[in-house]
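Enquirer: Put together the whole structure using the sequences plus the hints.
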Amino acid sequence: MSTPRDLMIVAMDVAPDRPVETGDLSLALAGAEVIDLIAAEAVTLDGDLIVPNPQLPLEDGLLDQAATSLVRETPYESVEDWLWRRGRSLSSAYLVALEAEGLVARQRGRWIPVRTGKTALVDSPARSRAADRWAQGEPVLAQLAAAAGIREVSDEDSAKVTDESLDTVIAVVHDAVTELEAVRQRKSVEDAAYDNVWRGM
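Numbering-wise (our numbering), the sequence shown opens with residue 19 and increments by one.
Everything labelled a hint here was simulated from the structure, so no lab data went into it.
Check each hint, because a few of them may be wrong.
For each label pair, taking beta carbons as the anchor points, the in silico distance ranges come out as [said to hold, decoys possible]: (1) Asp64 - Thr137: 34 to 40 Å; (2) Pro72 - Glu197: 31 to 37 Å; (3) Ala149 - Gly79: 21 to 27 Å; (4) Gly79 - Ala138: 19 to 25 Å; (5) Asp141 - Arg204: 16 to 22 Å.
For glycine and all other residues, C-beta sits at the position ideal for the given N, C-alpha and C.
Expert: Rendered as structure tokens:
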């Protein structure tokens, strides 16, 4: 299984420290894709720029789709730009993929035998592998999960990511999630001010 799929499974399987925002999760998934593309030698990082290598097909469909969508001409795309472009609704894409593969099922109503809108993981080797990786505290997965708001990591765990390229990607993911939260807060303040104007009229 890929890191993004493991992250998606963990996001559905682990009780989060706080409600997980789909935007935060999507940004973390896009970062996880970069990490797996680096591992597959499909890309390298030049500073924070994603430099594609000659394209080879990848077994994972969504990861192959990610590789296909890379900017292959200079100036190459930065990790930050990739997160915002590729991350748009990416959590939904992974949920659909997991459901298509039978790893996620729509739950049935308790009293009415029809499918509801809620989804749940089914027992599978993929779920077990993701759970094992999570239980072992694999540092890259732990850091991406922390960025998505699933679980905090200690400073000691943070120090375990020693690969410079991976550390760069993880840092950019954390920054992007922080920026997205700032946008949410600004919008909330603006919406509240707008409501107050209407109430005062």
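Enquirer: Gly79 and Ala138, beta-carbon distance inside 19 to 25 Å?
Expert: holds (22 Å)
Enquirer: Please test the hint of 21 to 27 Å on the beta carbon pair from Ala149 and Gly79.
Expert: holds (23 Å)
Enquirer: Would you say the C-beta atoms of Asp141 and Arg204 sit inside 16 to 22 Å of each other?
Expert: violated (42 Å)
Enquirer: Asp64 and Thr137, beta-carbon distance inside 34 to 40 Å?
Expert: holds (39 Å)
Enquirer: For the hint 31 to 37 Å, verify it against the beta carbon of Pro72 and that of Glu197.
Expert: holds (33 Å)
The structure does not agree with numbered hint 5 stated previously, though it agrees with all others.
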